[in-house]
Amino acid sequence: MDTISISDLKTNPSKAIDFAADFPVAIENRNKVKAYLLGKDLYEKIVSYIENVVDKKAVKETDFKKGKDFESVAKKLNI
Numbered sequence: 001m002d003t004i005s006i007s008d009l010k011t012n013p014s015k016a017i018d019f020a021a022d023f024p025v026a027i028e029n030r031n032k033v034k035a036y037l038l039g040k041d042l043y044e045k046i047v048s049y050i051e052n053v054v055d056k057k058a059v060k061e062t063d064f065k066k067g068k069d070f071e072s073v074a075k076k077l078n079i
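When the letters of the sequence shown are read in order and numbered with our numbering, they come out as residues 1 to 79.
Think of the hints as simulated: they come from the structure by calculation, not from any bench.
One thing to keep in mind: the hints can contain errors.
Here are the simulated lysine-lysine pairs, BS3-like style, with alpha carbons at most 27 angstroms apart [stated by the list, open to error]:
1. Lys65 to Lys76
2. Lys76 to Lys66
3. Lys76 to Lys45
4. Lys56 to Lys76
5. Lys40 to Lys66
6. Lys57 to Lys10
7. Lys60 to Lys40
8. Lys66 to Lys45
9. Lys76 to Lys60
10. Lys65 to Lys75
11. Lys45 to Lys57
12. Lys45 to Lys56
13. Lys66 to Lys56
14. Lys10 to Lys34
15. Lys57 to Lys75
16. Lys60 to Lys75
17. Lys15 to Lys45
18. Lys15 to Lys34
19. Lys56 to Lys75
20. Lys10 to Lys32
21. Lys45 to Lys60
22. Lys40 to Lys15
23. Lys45 to Lys34
24. Lys32 to Lys15
25. Lys57 to Lys76
Produce the complete structure using the sequences and hints provided.
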């Protein structure tokens, strides 16, 4: 993982954003990580992954033998 100081981030934010395109960049202040910068594509992949995990868990935990209809399952999944 790349790191960049907060001073460098202030000086050249576009450079930090370019670094964060594929991998997270740790933002340091006084040699301590204070934040992470994620590129747009990586952020969207993470969000999509989390949504898929949540949806799979909800489907797995749903007992379709109890007669739950699609509408109640869809409501639980927010779809």
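Requested in this report: Could you tell me which of the numbered hints above are not met by this structure, giving the numbers in increasing order?
Outcome: Per hint list: 5, 6, 7, 8 violated.
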